[in-house]
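The hints should help you fit chain B with the ligands onto chain A, whose structure is shown.
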Amino acid sequence: MAQQIAFLLVFVVANVFAIRSAKRIWDDIHLGQPIDRTDQPAERFKRMLLIAFGQKKMFKRPIPALLHLFVYLGFFIVNIELLEIVLDGLFGTHRMFQDSLGGLYPALINFFEFFAVAVLVSCVIFLIRRNVVKVPRFEKPEMTSWPKLDANLILVFEIALMFFLLSMNATDTLLHNSEGFFFSNMLTPLYAGMSPEALHIAERVFWWSHIIGVFFFANYVFYSKHLHIFLAFPNTYFSNLNPMGKMVNMDAVTNEVKLAMGMQGDSNMVPPERFGAKDITDLTRKQLLDAYACTECGRCTDNCPANMTGKKLSPRKIMMDTRDRMEDLGKAKRENGKDHHDGKFLMGDYISEEEINACTTCNACVEACPVNIDPLSIILDLRRYKIMEESKAPAEWNMMFQNIETSFSPWKFPPSDRGKWMNDMNS
Amino acid sequence: MVKTMAQMASEGKTPEVLFWVGCAGSFDDRYKKVTLAFIEILNKLNIEFAVLGDEEACTGDPARRAGNEFMFQMQAMANIQTLDMYKVENIVTACPHCFNTLKNEYPELGGNYNVVHHSQYLQGLINDGRLKIEGGAFKGKKITFHDSCYLGRANGVYEAPREVINALDAELVEMKRCRTKGLCCGAGGAQMFKEPEKGNKDVNIERIEEALDTGAKVVAAGCPFCMTMLTDGVKNKEKESEVKVYDIAELIRDATKES
Ligand code: SF4
Ligand code: SF4
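For the protein sequence lines, the chains are A and B, in the order given.
The first sequence finishes on residue 427 if you use this note's numbering, and the numbering steps up by one all the way, no holes.
The second sequence finishes on residue 1259 if you use this note's numbering, and the numbering steps up by one all the way, no holes.
One chain only, chain A, in its complex shape (with noise of 0.2 Å):
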């Protein structure tokens, strides 16, 4: 009885949590400009079991994705083992459903232990990938000591956790003389001179240590990259269908074009606050989402042009910045109300000039990543800014801007000599 009402109050207090994390997240990607992306949902549903639940763009690289196909499938497989263990928990039970199911639950059970050794051994190449190995897109100057913490971390809870499960039912086994199963019987010898109280308590703490595991990962994961378990699949719902090389139209500047040439256009029309992208509110909830539901895999900055040649632009630095800018802002805003402002800005406190200036729009960020997310999207939105709002252009670009202006060709050469090359043709 006191576990269960001990097992009662960790669900709650954890589940509590969580859905405060949730809210905070939620109000984040909602301090974004709203967008409409709900047209042709079949075809939006189609890229979402692609790519976020087939993992499509993920097997361009089949090692990495085979192993962390692993993880995916253990992550959902896993855990409606959960259901029962939740279950057992609250109404004090043992293995709850054994009984009901009859041969189907030792089949269940190490179909779930499968997975939960093949998490194991993919968390364990993933670890020796990242720390011995050394795969270069994860030594890149933004992986500073906190995201390479937090992918390590993830790594060894998920080893813990799936030790814990196995040992639970290793000892389980042993404490009822049961037949046990295939994988967890591989364990037993490790247990096996244990007094029945011993094992008794054993079972015990891995069968706690499992389940507060669980929650721990579950409130963790909202302040971690693994948000992309979850986020992954709006994101790529929410994707853009249009072809990559077109850019968001700014209604608000055709309206003041059209004015300008005297064509029709909405006198009434109200300007927005400014053109283009300062900070994080002027983007759009769907890039606010992209931050947030970024894997920090760095595959976009491995297909960079700009960064494979030395310079500063790494499009996955674009994405964390973008997420730290909004949980500065998100906090500073909690704390101190609504209206609230911290004097900062994404653009120049967390992104420099250099950096987006750097980008070829070439769009292979864009392509390479497994979730769908747009970093050209938002150094478009700031240089928008910089050149519509500061006028802030390097030298040549405003040589370039001059040059369409008076000779309607980005190159200085007199418009009445953009025929020449027929004139030689046709004499």
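Read the hints as simulated data drawn from the structure, not as lab findings.
Just to be clear, a hint being listed does not mean it is correct.
Claimed, not checked - Which bits of chain B does chain A cover? Going by a derived footprint, with three or more residues having C-beta under 8 Å, they are: (1) 1047 to 1060; (2) 1121 to 1133; (3) 1152 to 1162; (4) 1188 to 1198; (5) 1232 to 1245.
To be verified - Think about it this way: if two alpha-carbon atoms lie no more than 16 Å apart in a straight line, the pair counts; the simulated EDC-like pairs of lysine to aspartate or glutamate are: (6) LYS1141/B / ASP1254/B; (7) LYS258/A / GLU1108/B; (8) LYS312/A / GLU1108/B; (9) LYS1194/B / GLU396/A; (10) LYS312/A / ASP1202/B; (11) LYS412/A / ASP1028/B; (12) LYS246/A / GLU1108/B; (13) LYS1003/B / ASP424/A; (14) LYS1032/B / ASP417/A; (15) LYS412/A / ASP1029/B; (16) LYS1033/B / ASP424/A; (17) LYS412/A / ASP1054/B.
Positions of the beta carbon are idealized from the N, C-alpha and C atoms, including for glycine.
Then chain B with the ligands, alone, in the frame of chain A:
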């Protein structure tokens, strides 16, 4: 022979297609040759086409990518007025940046046209049997194709230029990074018009190294900016006597020359 839309209009004719030449195709000495090569093909097949001549203006692409939305939209609106004045329906262009802008970005500003890149247009001519390649100056020769970002990833056109090259009976060899993974030449996003930021290498050098690794003596491109960047890359590697950068229209023109 090349006529402007204005000349066509005065003769009361509407051409099959408008050839959007673009700024590089009009002013850049190297790309003017591509313009001429493409026109040679069109003329040879008796295709009724026209250009805008002095009435063409920058699509606004570099201004938009640099962040100058006002300037882009001013350019776009002015161009749409010109195109609509001549009731243009079909456009072909040899510049992926113009292609992307005209095709994807003008509709929202009221300009709706069927826009194709010249690689798609050439592919169409080959498939229709209108363009026949005999003689085969490139038969069996190794050619590698550089995907331009604005044709490939930006618009998903990967096969058209490759089919054109295959029609030459040449041996198409791919670079390590190609199609969706194709590496940028370094000029997009208005980089063409400024010096790169501080780094340890230029993007076009990285790219040309991959192209040279294929062993091909011909690097095929379909974009004026890529053309400049790749040509500079070849020069940087002091390979200009062995390795040539050509536009796919030039390859077709040269392959059909003798026949
Ligand atoms: S679009 Fe810009 S940030 Fe993205 S890969 Fe290309 S150069 Fe890098
Ligand atoms: S933006 Fe996408 S590719 Fe880049 S680090 Fe984040 S998840 Fe990985």
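Hints breached by this structure: Numbers 2, 5 and 8 - these are the hints that the structure violates, sorted from lowest upward.
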